[in-house]
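Since chain A is already given, all that's left is putting chain B with the ligands on it; use the hints.
Protein chains in written order, with numbering that gives the first Met the number 0: chain A, 0 to 550; chain B, 0 to 163.
Hints were generated in silico from the structure; no laboratory data involved. As the structure is a prediction and not an experimental result, all values here were calculated from the model. Certain hints may be false.
[Said to hold, decoys possible] Calculated pairs, PhoX-like style, for lysine-lysine (alpha carbon to alpha carbon, straight line, at most 25 Å):
(1) Lys-476(A) <-> Lys-443(A)
(2) Lys-52(B) <-> Lys-247(A)
(3) Lys-127(B) <-> Lys-16(A)
(4) Lys-477(A) <-> Lys-443(A)
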Amino acid sequence: MYRYDEFDAAFVRQRVKQFRGQVERRLAGELSEDEFKPLRLMNGLYLQLHAYMLRVAVPYGTLSSRQMLKLASIARDYDRGYGHFTTRQNIQYNWPQLQDVPDILDELAEVEMHAIQTSGNCIRNVTADHFAGAAADEIEDPRIYAEIIRQWSSLHPEFSFLPRKFKIAITGAPNDRAAVRFHDIGLQVRRNEAGEVGFEVIVGGGLGRTPVIGTTIRKFLPKQHLLSYLEAILRVYNQLGRRDNLYKARIKILVQQTGAETFKDLVEDEWQQIKDGALDLPAEEIERIEAYFAPPAFETLEANQPAFEARRFEDRDFARWVRSNVTAHKAPGYACVTISLKPEGEAPGDASAEQMEVVADLAERLSCDEIRVTHEQNLVLPHVKLTDLAEVWETLAANGLGTPNVGLVSDMIACPGLDYCNLANARSIPVAQRISQRFSDLKKQHEIGDLKIKISGCINACGHHHVGHIGILGVDKKGEEFYQITLGGSADENAAVGKILGPAFSYDDVVDAIESIVDTYLELRGDGERFNDTYARVGAAPFKEKLYAAA
Amino acid sequence: MPLLKNGQVIADSWTALAEDAAPEGDVIVSLEQWQADRETLRAHNGRLGLRLKSDQSPAELADDLGRFDLIALEFPRFGDGRAYSYARLLRERYGFTGELRAVGNVLRDQLFFMVRCGFDSFEVADDKAVAGWQEAMSEVSVLYQPTGDGRQTAFALRRGAANR
Ligand code: HEM
Ligand code: SF4
Chain A
0 MYRYDEFDAA FVRQRVKQFR GQVERRLAGE LSEDEFKPLR LMNGLYLQLH
50 AYMLRVAVPY GTLSSRQMLK LASIARDYDR GYGHFTTRQN IQYNWPQLQD
100 VPDILDELAE VEMHAIQTSG NCIRNVTADH FAGAAADEIE DPRIYAEIIR
150 QWSSLHPEFS FLPRKFKIAI TGAPNDRAAV RFHDIGLQVR RNEAGEVGFE
200 VIVGGGLGRT PVIGTTIRKF LPKQHLLSYL EAILRVYNQL GRRDNLYKAR
250 IKILVQQTGA ETFKDLVEDE WQQIKDGALD LPAEEIERIE AYFAPPAFET
300 LEANQPAFEA RRFEDRDFAR WVRSNVTAHK APGYACVTIS LKPEGEAPGD
350 ASAEQMEVVA DLAERLSCDE IRVTHEQNLV LPHVKLTDLA EVWETLAANG
400 LGTPNVGLVS DMIACPGLDY CNLANARSIP VAQRISQRFS DLKKQHEIGD
450 LKIKISGCIN ACGHHHVGHI GILGVDKKGE EFYQITLGGS ADENAAVGKI
500 LGPAFSYDDV VDAIESIVDT YLELRGDGER FNDTYARVGA APFKEKLYAA
550 A
Chain B
0 MPLLKNGQVI ADSWTALAED AAPEGDVIVS LEQWQADRET LRAHNGRLGL
50 RLKSDQSPAE LADDLGRFDL IALEFPRFGD GRAYSYARLL RERYGFTGEL
100 RAVGNVLRDQ LFFMVRCGFD SFEVADDKAV AGWQEAMSEV SVLYQPTGDG
150 RQTAFALRRG AANR
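Extracted from the complex, chain A is given alone in its bound form (with noise of 0.2 Å):
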């Protein structure tokens, strides 16, 4: 893992203080709420219906143990005792006072960690594979270029006032786990003919309301241009961005009206000019980062491990778990612990700071001391040695960690939705939680399959309905709550918007409608089929004539 070194250490340490200061002039009255918002937002601190919020960066989504027994105290003991993982690998706490946030920060400074651009129009927290470094199928690790970007971002003079916010996501895999086509800039590592490996850049993703796929400006970006290529197009974006709406500012929006080539030659125009300058990136700067992310020593094991086998052979509730929740790994005799944070009826992404302490402790004795926050809102145990999982699995069944539901109809996105936001059409988490019912037996779960649900309160998606294999939006129809349905999306590399599927359902009919849906597809999928294989090949026809015909 990145260990900060003293500039790393001084830099974090001189940005809680200034911040200090700025909340002594606001509390002070020196600074108005206005003058004071767009300060506190560059420190992850929100405004909410009820309280402040304050968002904790997890750089790439790698915790160490010590770090989150960290974030387990803080929820304690300047929290209610909770806090919420999100979508971009990130700690939400939803009632510090504002007072306390500096004392939250140094504690967090204490163990290398920082809130500084989680929020505001600036380059946010750079989110990354959450298997980086464990994954059988990467080419390379995407943290140690994810921790290049921090470092290059990190109160940006040029860029720190963007006309909206501005997300990076990097996977260092083919199979993308880290939604690169739906970020404003996703960077895909790939291996060129030479064998060399650098980038593709994608550019103009997003979801929100103007869903869009991002394109592709450069096929093969040399490792050694990635900072001056990501200036050239975050200046282009700087300078022509709108700036005049809000909904019109990502720059998804400038590359749909300046036209996708145009835009690629502006940023090649502009990167010429600054190419093989300052921040060209020497080898030996990239091996320093990169030594930090060294894979820890792996114990040379037998892949197949004939304890594990039996137990998984004896254990039916083991075996269900190890199938939903247990990945490959890279090394032989290991493997990936996904830990879901979708119990059935409890809101996504929620953990205790006792939950945080336990799954600290695994870590550090059994998973090389690491964890992983997933943009699905789990959390990972990235480093296991197949021997490990029963004990693992065991910790965390008997502390409401054991969920084996992970990738599966139960493990859905859902935004916060009425219950919190001012924004909302409708209730988000409560669907969640019926069709989590619903489908309460994970017999049937598992049988299912492979299938995400994701759903927003409306049209700023925040819970991602665009790209769930079922999206779920809340609209407002004359003052009630309805639910649209869109099918097909993904977020991985077969990209894909969702579409809407016919009329809108009543919140009492939603949770019907879904389960017609998903009957549909049982009885239509051909063998090893996933449901966006098999809406692909049948299309909405079939779906709807059963989904609509009973009404």
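Using the frame of chain A, we list chain B with the ligands on its own:
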């Protein structure tokens, strides 16, 4: 509005050229005035300054920049950050060495970003920015981005340390 330079409040020797007035002394003209009256203004025997709105890119007048001793870039709102890019382009690409002035809604907590992008004078909104200057310049000393301001980045310092 106080004018800050090197942390001191100084008297402003410049005046904005009024509509249809003849230029006298050090005058700042708008882009529209410059475009309408380029030849007359060029011949003016005092110093010339140019004031650009946040949607007026200096790239459009790269060839004229040598005539100006001052360029003032507007920040109409805290959140409108276009002029940070313009400033860097002026300094780092077009080699502008005159006074680069930030005008409009210029607040204490933006000053350091502005300095790093190449501004050297500031028409600040109020005295808070004047009082806060010293602190604003020194509160964050670790810099991760090379700009044209000559300051050492963490990257350069690390390499320096490694080569020692
Ligand atoms: C009170 C709560 C919230 C409010 C008022 C809110 C508001 C918004 C608004 C206005 C947008 C549209 C921004 C744009 O189009 O540029 C947006 C987008 C988004 N929000 Fe939220 N949000 C809330 C909570 C959340 C939560 C809890 C999450 C994650 C768990 C979240 C994740 C996102 C994401 C991922 C986007 C996607 C748009 C994109 O990046 O393309 N939001 N939100
Ligand atoms: S999608 Fe709409 S309802 Fe849901 S959190 Fe975002 S803004 Fe609120």
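How the hints compare with the structure:
| no. | hint | in the structure |
| --- | --- | --- |
| 1 | Lys-476(A) <-> Lys-443(A) | violated, 33 Å |
| 2 | Lys-52(B) <-> Lys-247(A) | holds, 21 Å |
| 3 | Lys-127(B) <-> Lys-16(A) | holds, 18 Å |
| 4 | Lys-477(A) <-> Lys-443(A) | violated, 37 Å |
Violated hints for the displayed structure, listed by number in ascending order: 1 and 4.
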